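Turn these sequences into a full structure, and let the hints steer you where they fit.
This is what each chain is made of:
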Amino acid sequence: MKRYWKKTIIVIAIFLSALVLLQITGAEATKETSKKKRKRKKGKVTCIICHNQLGKEKAAWVKQWQESVHGKNDVTCPACHGGDPSSFNKPKIEGTGYIGKPSRLEVPEFCARCHSNTNWMRQYNKRTDQLSQYKTSKHGKGLFQKKDAQVAICIDCHGKHDISGISDPSSLAHHKSIAETCAGCHADEDYMLPYGLVTNQLAAYNNSYHGMIIKGKVDGKNPSLVPSCPDCHSPHGAKPPEVAEVHNVCGNCHMQTEKYFHQGEHKTALDEQNQPRCIDCHDYHEIRYPTSELFVGESIYHCGFCHLMNSKPYLKGIRIKEAIENAEREIVKVEKMVLSLQEAPGLDVMDLKETIQKARRNILEAIPKTHSLIEEDVTKHTDRALVLTGELQQKVDNMKKEFVTRKKGLFAALMVIGFLICFLLYKRWLLELKEEEM
Amino acid sequence: MATTASNKRKPNEPLGLKGLLHWFTPTGFREDVLKKRLNISENLLQKFKQNLQPKKKIRLSAYIGWTIVFVFLMECFTGMFLMMYYHPTVAEAFANVRYITNIIPYGWLIRGIHFWGSHIMITLVLLHLFHTFFKGAYKAPREMAWLSGVILLFLSLAFGLTGYLLPWNQISFWAVTVVTEVPMAFPYIGHYLKLIARGGENVSQVTLTRFFAMHVMALPALTTFFLVLHFLPIKKYLIPKDLITYAIAILFCFGCLISLATLSPAPIHDKADPFHTPDKVKAEWYFLACQEILALAEHLDFLGSWAPKLLGVIIQIVIIILLFLIPFIDRNSARNPKKRPIAITFLSLSYVAFILLTLMAKFR
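Going down the list, the protein sequences come from chains P and G. Position in the first sequence (from 1) plus 47 gives the number in the working numbering. Position 24 of the second sequence, counted from 1, bears residue number 21 in the working numbering, the numbering being contiguous throughout.
Keep in mind the hints are simulated off the structure, nothing from the lab. All figures in this text were calculated on a predicted structure; none of them were measured in a lab. Possibly wrong hints are sitting among the right ones.
Result set (DSSO-like, lysine-lysine): computed pairs, CA atoms no more than 30 Å apart in a straight line [said to hold, decoys possible]:
1) P/Lys405 / P/Lys427
2) G/Lys238 / P/Lys474
3) P/Lys173 / P/Lys223
4) G/Lys268 / P/Lys380
5) P/Lys400 / G/Lys359
Distance windows between CB atoms, simulated [stated by the list, open to error]:
6) G/Leu192 / P/Gly393: 27 to 37 Å
7) G/Val66 / P/Cys469: 22 to 32 Å
8) G/Phe299 / P/Val245: 33 to 43 Å
In silico contact screen, one side only, chain G against chain P (beta carbon under 8 Å); selected entries [unchecked claim]:
9) Asn99
10) Ile245
11) Ser330
12) Asn333
The C-beta atom is built at its ideal place from N, Cα and C for all residues, glycine as well.
Shown next, in the form of structure tokens:
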């Protein structure tokens, strides 16, 4: 018997160790294959050989290039720097088009040799208007017209040898990093002194609702959908929007708001007096989440800042504010009741939640309409939201009643069960008495 | 007199209505139904009668066991009603469950009893296992009862797992995704095991269909078979007094089931969304200990990337094998817990570990 046990234990041990070994060898095999693949990818380029031998910064360029979008797409050294890397003897000799390091004034056109070449860039499905846009920008005008080498050029935002695609999160020009990249110059007081520009843009942007979303501080909002510097100022043709352009710039994302703004009295005033622009009510870099509080008060960005407190437009604003706030209050109240039904007895409130969403959609439709300043348009939606919350209240009451009925039914059933148990206990007692007598 | 009348009748002579009424008398039932029509001999009846005599005081373990049978029958009964309205398709499953719960009269109660019944069944099975071990009831000649009992425990867990996916909600979808990913720990065969469990690379319609088939066909059939096998070695039958106690236990259990179904209805959750992974995916409470073992095994990564998953699964397989082999490993013939200190310490530690692991996974 003992031998049998020993054999069984040995068989199990062999099986387990085989499993472990198979796993280890499997992992090793995968490692080796990936190493071979990487080796195959590397080609022999003479620039790389020499620069690697030169060490330090020059060797770092090679490494940066290899990891860059150019390195990954086989855009090799001569594509930018010219020269003939086919032999060690003649990389820099005349006639090979060797450029070396271009000056800052030359860089935009240096990059544009490929990036403005439609035939070449077609294969990568990339735009080719960067240089022409750049020439219209404040940066481009400074560079080409004033020969100011301090303005931003391609490499300041995209890097030199370590250029990555803008969709790469490690890129300086990535959507989430570009504000910091711009601030590299624009938040530097000494650097901005000759241009007379303020340097608080990044701090203001970080405090704004857009900035909070891009940093992932607002739940349920997608950081990739909010604007960063280039979305309002254009990526290559960077300059501040003109007065008449502001609502168009904001309207690129806030389309509904812009549509209703065009229908309202503020648009007429803007055409006539250049005011009010979006930024006059919402600020520009430090755009806060707009609440209905903007309708009251005299401080900057509030209605009372331009309108007299008892004026008709001001009072209309108050009425609009109350209509929205009242509907929102009712939605929140009903939502709490629905959630309590879901949490405590665990009832199915999916349909009720859908109705809450419908009511909320009405508020979402009402808010952009406040820009038209047509009271009826706004109250049409808030009234609809109130009707929906009324219906919800009714449904919640019905569900509560139903739950109470269920509890009453349970109580009755438990009474019957309790009675039956008592009866059975009595019967059992009788049987025990009978047994004792026997 | 009646017996004489039935004896006088020729074998093929029609009974008539009077003869049918005679079946419902004790003598008529014994003579006409059992002996003549069902061919059950006098000898066998005598044996059954003898077994009905109380030999020993019936154990608590037996009451738990019989209550499990009742809960199993309740599950079959309520499951049958649920099947009337449920279609195991990705498009309809979730809507069907909501329809049963919200629209069908007393559908919420039927579903609630089915839902809570599964939890109560597994709790009772674990209690039964604990009690059986504590009392040493697995020892010779009850090895078969222990083996079939352990199989029934795993069948109950399989019921839980397969039934968990059927409502096709977020929680169930992702929990099943995690559980069916576990076999991937095995080198080479892991992928095939996963394919067998899921019916494809992902949890999909095929998975739902095969889980449904398992839940309503294979598992009930297997459970019935092993229940019979479990009860065969037990020669004690319930006498009237025990039957009353059993009826009380059943009524109490039923009361608990309807109370839970009413006061804490079976949840609906959100519809399964394969493109949206919830923050925390947790299995049902009875699988939490297994989930925690896998999570703790993650610390073994210093042995290599292969180690955590594989060793986590191997530890669990070893536990299962040990559970099956308990009657053969424990060679102490004593049944009194006081005379089995090692076994009782092992049992206590196992249950403490189970509860600790479950709590750790719960609050992780």
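Going through the hints against the structure:
1. P/Lys405 / P/Lys427: Status holds; Cα separation ~14 Å.
2. G/Lys238 / P/Lys474: 9 Å, holds
3. P/Lys173 / P/Lys223: Distance ~20 Å between P/Lys173 and P/Lys223 Cα, so the pair holds.
4. G/Lys268 / P/Lys380: 26 Å, holds
5. P/Lys400 / G/Lys359: 28 Å, holds
6. G/Leu192 / P/Gly393: 27 to 37 Å: 36 Å, holds
7. G/Val66 / P/Cys469: 22 to 32 Å: Since the Cβ atoms of G/Val66 and P/Cys469 sit about 24 Å apart, the hinted range of 22 to 32 Å holds.
8. G/Phe299 / P/Val245: 33 to 43 Å: Distance hint for G/Phe299, P/Val245 is violated at roughly 54 Å.
9. Asn99: 6 Å, holds
10. Ile245: 5 Å, holds
11. Ser330: 16 Å, violated
12. Asn333: 26 Å, violated
The structure shown violates the earlier hints numbered 8, 11 and 12.
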